[in-house]
Amino acid sequence: MNFYLRTLKRDLSIHLRGLSEVINPLVFFVVVISLFPLGLGPSPQQLSEVAPGVIWVAALLATLMSMDLMFRDDFSDGSLEQVVVSGQPLLVFVLAKVTAHWLMSGLPLVLLVPVVGLVMFVDGDSLQAMVVSLLLVSPTLSLLGAIGAALTVSLARGGLLVSILVLPLYVPVLVLATAMVQAAGSEAEIAGYVYWLLAALLASVTLAPLAVAASLRLAVDR
Amino acid sequence: MLRASGLSCARDRRHLFTALDVSLDAGQLVQVTGRNGSGKTTLLKILTGLYTEFEGEVTWSIERPPLYLGHSPGVNPRLTVTENLGWLCHLQDTDAALADIDEVLDVLGMAGYQDTYCHNLSEGQRKRVNLARFLLCENPCWIMDEPFSSIDSTGLRYLEEKMQAHLEQGGGIILTSHQRPMFAVDIDQVALTP
Chain A
36 MNFYLRTLKR DLSIHLRGLS EVINPLVFFV VVISLFPLGL GPSPQQLSEV APGVIWVAAL
96 LATLMSMDLM FRDDFSDGSL EQVVVSGQPL LVFVLAKVTA HWLMSGLPLV LLVPVVGLVM
156 FVDGDSLQAM VVSLLLVSPT LSLLGAIGAA LTVSLARGGL LVSILVLPLY VPVLVLATAM
216 VQAAGSEAEI AGYVYWLLAA LLASVTLAPL AVAASLRLAV DR
Chain B
226 MLRASGLSCA RDRRHLFTAL DVSLDAGQLV QVTGRNGSGK TTLLKILTGL YTEFEGEVTW
286 SIERPPLYLG HSPGVNPRLT VTENLGWLCH LQDTDAALAD IDEVLDVLGM AGYQDTYCHN
346 LSEGQRKRVN LARFLLCENP CWIMDEPFSS IDSTGLRYLE EKMQAHLEQG GGIILTSHQR
406 PMFAVDIDQV ALTP
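Chains as they are written, first to last, in my numbering: chain A, 36 to 257; chain B, 226 to 419.
To be clear, the hints were calculated from the coordinates, so they are not data collected in a lab. There may be inaccurate statements among the hints.
[As the list claims (entries may be wrong)] Think about it this way: if two alpha-carbon atoms lie no more than 20 Å apart in a straight line, the pair counts; the simulated SDA-like pairs of lysine to any residue are:
#	chain 1	residue 1	chain 2	residue 2
1	A	Lys44	A	Val127
2	A	Lys44	A	Val150
3	A	Lys44	A	Glu56
4	B	Lys387	B	Gly334
5	B	Lys387	B	Ser374
6	A	Lys44	B	Thr341
7	B	Lys387	B	Phe373
8	A	Lys44	B	Tyr342
9	B	Lys387	B	Ala251
10	A	Lys44	B	Cys343
11	A	Lys44	B	Ala322
12	B	Lys387	B	Cys314
13	B	Lys387	B	Met335
14	A	Lys44	B	Thr307
15	B	Lys387	B	Arg405
16	A	Lys44	A	Asp160
17	A	Lys44	B	Asp340
18	A	Lys44	B	Asp320
19	A	Lys44	B	Pro302
20	B	Lys387	B	Ala416
21	A	Lys44	A	Pro174
22	A	Lys44	B	Gln339
23	A	Lys44	B	His315
24	A	Lys44	A	Asp108
25	A	Lys44	A	Gln123
26	B	Lys387	B	Ala324
27	B	Lys387	B	Arg303
28	B	Lys387	B	Leu417
29	A	Lys44	B	Thr319
30	A	Lys44	B	Arg303
31	B	Lys387	B	Ser375
32	A	Lys44	A	Leu104
33	A	Lys44	B	Asp318
34	A	Lys44	A	Leu54
35	A	Lys44	B	Asp411
36	A	Lys44	B	Lys387
37	A	Lys44	B	Leu323
38	A	Lys44	A	Leu126
39	A	Lys44	B	Cys314
40	B	Lys387	B	Glu363
Note that the structure is a prediction, hence the values are computed from the model and not measured.
All chains should be modelled from the sequences, with the hints used to inform the complete structure.
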């Protein structure tokens with residue numbers, strides 16, 4: 036636990052000092068979404084119809100943008116080697132890194148949703164469902180993305196490869212989350228979707244760190 | 226503290242070494258020598274457990290893991306010297322007090338750099354930050370890959386003094402270096418010949 040907190044604190048300091056890397060995906064998220072009213076025309080009905088899909092796809096792409104850097108510094112500056120030699124549990128290290136990543140990329144996206152929802156004329160139940168779904172899914176996105184980031188960490192340019200590896204894993208949660216927001220919009224029951232998204236989150240919290248730790252172990256084995 | 230026997234390793238279909246035995250006891254300094262590309266770094270990585278594509282057996286008989294100095298210093302450029310050292314020592318279950326960090330940085334000729342961001346440091350200084358960890362943690366075995374490179378002559382003298390003190394206190398050191406360390410009398414050499 037102590038190692039988890041120390042590493043979390045360390046990573047938050049690192050993120051806060053490279054603020055542009057934190058802000059870039061957020062700016063991208065807001066800009067992409069605010070371009071849609073310009074492209075589609077300002078009709079509130081049309082915009083609120085496509086809003087769940089647009090906001091969700093923008094959130095996925097914004098998360099992917101920040102993914103590539105997750106382990107790169109630790110790999111290139113030798114910190115990862117030090118963790119492996121020290122015998123500290125890599126799983127704990129991975130969980131701390133993913134938590135820091137989520138706090139710096141996933142959580143701000145959740146907080147931005149009410150703002151961009153306004154631009155897309157999403158309100159009431161739909162907006163609430165949107166915030167809840169992103170809150171449930173963004174940790175899953177960080178965890179699944181970490182697998183791609185860890186697998187490509189030893190490659191010089193892994194950016195595109197991360198997307199190709201990770202996007203298929205994102206598809207099921209994307210389908211569930213947009214369906215949940217649409218259901219909320221038509222005043223249908225959403226509890227079922229919430230349970231499925233929670234199940235996806237629990238599965239990735241338990242399984243993804245194993246895959247990430249194994250990939251990182253392989254990356255230093257050279 | 227360390228027994229490694231029958232180590233064989235091949236990379237890119239070249240045999241780096243076959244049936245190599247390495248051992249380290251308290252107070253002993255082992256120098257691994259060999260030409261560039263002869264497998265010195267690979268041997269150290271095998272001993273630390275970083276590299277696993279080898280045959281043979283490595284057995285450690287000490288409780289704490291070795292401290293390892295690799296080609297990359299393990300220093301994050303966005304953290305200050307103190308923050309980096311705090312976390313690196315925490316990896317070794319050592320809580321480095323600020324006063325101790327000050328003292329060790331002073332010894333290594335880096336007084337006043339406590340709150341400097343590491344991206345402002347030179348390569349040699351980053352290496353010294355990693356070396357400061359060797360003085361803060363009490364791990365008995367030091368494994369050092371080229372500890373003397375990019376260190377200036379004063380730093381070199383400090384480092385050699387500290388290594389000698391470590392050996393006298395019953396520690397062990399395995400290092401790779403092209404020059405023979407000046408201080409120690411008994412050096413066990415492991416020569417790697419391609």
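Broken hints, by number | Result: hints 2, 16, 20, 27, 28, 35 and 36 break, sorted rising.
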